[in-house]
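Kindly generate the complete structure, drawing on both the sequences and the hints.
Chains as they are written, first to last, in the numbering used here: chain A, 430 to 824; chain B, 3 to 184.
Worth double-checking, as some hints may not be accurate.
As the list claims (entries may be wrong) - Chain B side only, calculated, beta carbon under 10 Å to chain A, not exhaustive:
1) P10
2) L20
3) L23
4) Q35
5) V56
6) L59
7) L135
8) V137
9) L138
What the hints assert, rightly or not - The following residues of chain B were derived to be distant from chain A, with all beta-carbon distances above 10 Å:
10) I27
11) Q40
12) L50
13) A57
14) I107
15) K139
What the hints contain is simulated information worked out from the structure, not anything from laboratory work.
Yeah, the Cβ is synthetic: ideal placement off N, Cα and C, and Gly gets one too.
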Amino acid sequence: MNRRLRLTWWDFTLLAVMAIGAALTLVRYARGIGSVANINNAYPWGWWVGYGITTMIALGGVGFTITALVEILGRHRYHSLLRPAVLMGLLLYASAIVMLMVELGRPWKVWMILVSWAPTAALYEVGWCAFLYLNVLVLEFAQVPLEQLGFRRMLGVIRVIYIPIMLLGVTLSHLHQSSLGTLMTLIPHKINVLWWSDQLPLLFLFSAMMAGPAIAILEHLAAARWLGFEPRLGMLAGLARIEAWLVGLFLAFQLGDLIARAGVGAMLSPTWFAVSFWVEIGLGLLLPLVLLMMPEVRQSRAGLATACSLIVGGVLLHRLNVAVIGLRVRHWESYTPSLGEVGITLGITAGAIFVFGVLARILPIHEELDAPRTSPHRAAAPDAALHGVRERALT
Amino acid sequence: MITEPPPPISGYRIAVLLVVLVNLILTIALITQLREVQQRLASVPADLASKRDVAALRPLPVRQILLKNCVECHSTRRLGPTVSMEPAEIQRTIERMQSHPGANIPEGEVQRIGASLLVLRCARCHGEETLNLMVLKTEPERIATIRRMVALPGSGVRSDQVASIAQAFDMLVRHWPAPGER
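Here it is in C-alpha cells:
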C-alpha cells in the first residue's frame, strides 16, 4: 500500500466542492428542507431523488454488471475492470444513501426501515436490498485493503465466502434496481404516458445494466489518462460491442413497450414531454448506439468516451423524466432545482470521486499499474498525483 | 513498437445511420398510429345515427312540462285519470288549477300543459323514445300515424280525438322550451 499520498489541485477542487456541499447540508439540517430545496407538493422528489438517488443507484449497477460479466458469465478478459467497478458501485451506493439521509432529514431514524415489517411495500424492499448490497460491496472490496494490510486470516475468510457473497450481490442488485421502478408504478395517475408503464421495474433494471459497462469504460479511460497507463482499447472495444447490444435491446424494449401501451400518439405530439422523450431516446440511446455500432468508434478513446457519456446522460435523463419532468401537474405548478439542491448533490458526487481517486492511488485497484508502463502519452495529472503510484508500478 | 492509428471516424456514416434508425422508429410509430385508426374505424357501427338518436337531440318536453307545473302539487299517479278525460275537460281542469292560490301557472303554459296531458295518453302503449319519433314527422304524417294507431284494437282513443292529439304534438314540437326551462 502506498501511504505517501500528495493531494493535487484537482483534489483540492473536489475538497472545496465537498466543503460547499457540507455547508449547505448543515443549513438544511439547521433550518429545514425548505431553506435549501425548491421541491413542493407537485414535485416532491425533484433533483435529489431524480439524480442523487435513482441515477446514482443506476450508475452503481456497474458493480453487479461487471461482476456478473466476469465471475458468472466467465468473461475473464474484463477482469481488470472488476475492482474499479466494485469500488465505484460501493461509492455510488454510499453516495445515494448519504443523499437519502440529507433528503429524509432524520438520519438517526433510518434504521427503523430494517425493523418495520412491511413485505408488501416497494420502498421496504429497496431499503433492505440497498442496505444488504452495500454490505456485500464492502465485503467484496474489503479483499483489496486486507491484502495490502496483511490480514491474511480475515482475507482467507472473505475468499471462502466470496462466491456466495458475489451471487448474493448480483441477486440483490436485480431485486432493488427493479424495485425502484416498482415504486414508480404506484403513481400511474401522476406520470406521463410516455414513461409510466407496468414494465418500469424491468426498464429500471435494464437501464442499470446498460449504464454499468458505460461507466466501466469511462472510468478506465479516465484512470488511464489520469494515472498515465495505456488503456486496453482491445478490451474496451469488446465491452463496447456488448454495450451496443445492451443499448439496442433496451431501446427496442422501451419503444416496444410504448407501442404496446398505445403511447405512440404522445411520442409524436407537439409537447415538451415529447421533446424530453426524444432527447432521451435520440441522444441517450440512438446516437450512442450508432456510435458503438461503428468499429472505428469502438477503437477510439474519444469515440468511446463520447458514446458512453451519452449513455450515462441518457440514463440520468430517463430517471429525471420518470421522477420529475414527466410528472403530470396543474399548469401553474413548477419546479426548478435550487442551488442548494444542486450544491449538495455536487458535494456528494465530489466526495465519491475524491475517495475513488485517493483509493485508486493508494491501493492496487488498476491491474494496469502493476504492468510495465508502455503508454506513449504523458499522464494528464500533475506529477504529485502519481507520487507513489509510479514507484509501485515500477517495482 | 509503432502502433497503427485507428481509422478516422466518419461523421457522414454517423448521420446516415442515425437517420436510418430514426426513420425506422418513425415508420413503426406511423404504422402503429394507422392501425389504431383502422381499429377505431372498424369499431364504429354501420349506421352512424338512428332515427331515435336524431329525435333525442330535441325530444318532446312532456316530462319537463308536467314535472314543472303539475308534480309540484300532485303525485304522478294523480295524472293517470286525465288519460280518459276529453280534451275540453282537461283544459278546464288546468284553468281551475291555475286559479288555486300558490299554483303559479303562467298563462302561456296552460296550452302546453294541456298538450302534454293529451300526448300522455299515447304513453299507455308507447315509450318516451317512440313518442319522440313524432318530432321527425310533418303534420300530415303525424295525423296519419295517429289515425293508424286509433284504428288498432284497444287504443282507447276515438277517431274524433285525432285532430286534438295531432295539434298537441304540433304545439309541443313548435314550442321548444327555453334553455333555462329544460
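Evaluated hints:
1. P10: Holds - the Cβ of B:P10 comes within 10 Å of chain A, reaching about 7 Å at its closest.
2. L20: holds, 5 Å
3. L23: Check passed: Cβ of B:L23 comes within 5 Å of chain A, closer than 10 Å.
4. Q35: holds, 6 Å
5. V56: With a minimum Cβ separation of about 32 Å from chain A (threshold 10 Å), the hint on B:V56 is violated.
6. L59: violated, 31 Å
7. L135: It is violated, given that the least Cβ distance between B:L135 and chain A is near 39 Å, above 10 Å.
8. V137: Hint violated; B:V137 Cβ to chain A Cβ min 39 Å, cut 10 Å.
9. L138: violated, 38 Å
10. I27: violated, 6 Å
11. Q40: holds, 13 Å
12. L50: At about 24 Å from chain A, B:L50 clears the 10 Å cut-off, so the statement holds.
13. A57: Its Cβ never comes within 10 Å of chain A, the nearest being 35 Å, so this holds.
14. I107: B:I107 is indeed farther than 10 Å from all Cβ atoms of chain A, at 48 Å.
15. K139: holds, 44 Å
Hints 5, 6, 7, 8, 9 and 10, counting from the list given before, are not met by this structure.
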